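Novice: Numbering-wise (the numbering used here), the sequence shown opens with residue 1428 and increments by one.
By construction, these hints were calculated from the structure, which means they are not laboratory data. What you are looking at is a predicted structure, and each value in this text was computed from that prediction instead of being measured. Treat the hints with caution; some may be incorrect.
Pairwise CB distance ranges, derived in the manner of DEER restraints [what the hints assert, rightly or not]:
hint, residue 1, residue 2, range
1, 1812, 1600, 19 to 29 Å
2, 1635, 1742, 44 to 54 Å
3, 1804, 1741, 38 to 48 Å
4, 1781, 1755, 39 to 49 Å
5, 1744, 1800, 19 to 29 Å
6, 1588, 1727, 27 to 37 Å
7, 1803, 1609, 14 to 24 Å
8, 1498, 1604, 17 to 27 Å
9, 1759, 1593, 21 to 31 Å
10, 1641, 1498, 44 to 54 Å
11, 1599, 1727, 35 to 45 Å
12, 1807, 1586, 37 to 47 Å
Yeah, the Cβ is synthetic: ideal placement off N, Cα and C, and Gly gets one too.
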Amino acid sequence: MGVIYSISFMFGNLFAYARLLSLAKLVVQKRDIQHLYSFLLILLSHLVPAIIVVMFFQSNVSIFYHLIMIAALVMTGNRWTKIWSEVLDKFEEQLDLNESEPPFNHTNINQRSIKEQFISRFKKQLILFINRILIVLFKRKLLIEKLMSETLLFPPNKRVVKIFMDTQEQLGMHGIELFITISSRSPGYAYLKPWFRKGRNAVVLTTEACEEFSDEELKALIAHELIHIKYKDYDFKSTLFSTSTIFLFIAGMLTYVYIVGIISAYLVYVALVLVLAIPVMMIVFLGMLIYLLYAKHGYWYQIREMRADRKACELIPEIRLGLIKLLKRMQNENMETNIPWYRKLPERYSRWHTHPSLDYRIHLLQNYKKWSYKEYIRHFFQTLKWAITGKGWSGD
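Model the full assembly from the supplied sequences, consistent with the hints where possible.
Specialist: Right under this line is the structure:
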């Protein structure tokens, strides 16, 4: 479906293909390196958004969501192409005027020299950027493979296996694997396999949890982690993240091309710089958006933890007391409880708070209410309060 997103955007770009074909024809006929650079730059300008939107695909959403995305991308692609074509037409007119000047005009020579230098630098930066992206993806692949290589398939333990299979059946799930790891900060976690790895999703438990937790606590822990898998909470592209990102991306992109269109009517060279800078602008925009959504007090991370608690209790009501006992055990064992206030103060601005306060999670379970969409609004204000007070993560 992510590929269909990309195709939808490019379909809106139909108007651009004539320009690309004409430039390709000039490249073949004249074998001019400048025409080749122009062709590659225009091709890049149209492919960057198409490549980015592939990352926004989310499997666990309705067909209505996909239809909205496809329609929005087609319309965005159409507007995107028109603005860019107008800017490039005006720029080509300026180049034609410059080339018609006397050959010994120093201004003309300087302009051509600047253009060649700019294209050369842009090409080098593009190659460096692509290399960095590939390195990041490769490192992520190695990191996950290393993580899974450090876990062992759970040895025969009838008690743990029975609890795991019973809980999985109660939640209407199947095909989830069970792993054990020797040590971890968390007694257990869910693992959703990435697209590049064969196999199935898994729940990973520690040897300590399997040996020391009661049946009630172990069942609560397994149910909590299975809910994460059921709702794809650890997927890199969560539904809320991908939805908000794609629509903000489209809105920002349309605003940007409108600004370029207005500027091009008066300052064609400034508009051209904006056009060529747009891949960088989009990357910066997405980076800022990801930071706001994921960093600081981890609103979306905390939401999924609370939802896993409440949904587990909703589907298996008898585990509520076991989950409360489990959280109290973690609260007592958590060494971060002793962090003094002067260390917590700077951490408000530097730490990723992926879990809500244990006190808060226990309070919500003791006063259990069925999970609803109102929780998203309620927790927004709670997170804001924590940001001011410096609280809101495990151990507070």
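Novice: What are the numbers of the hints that this structure violates, sorted from low to high?
Specialist: Going through the list in order, the structure violates hints 1, 2, 3, 4, 7, 8 and 11 and respects the others.
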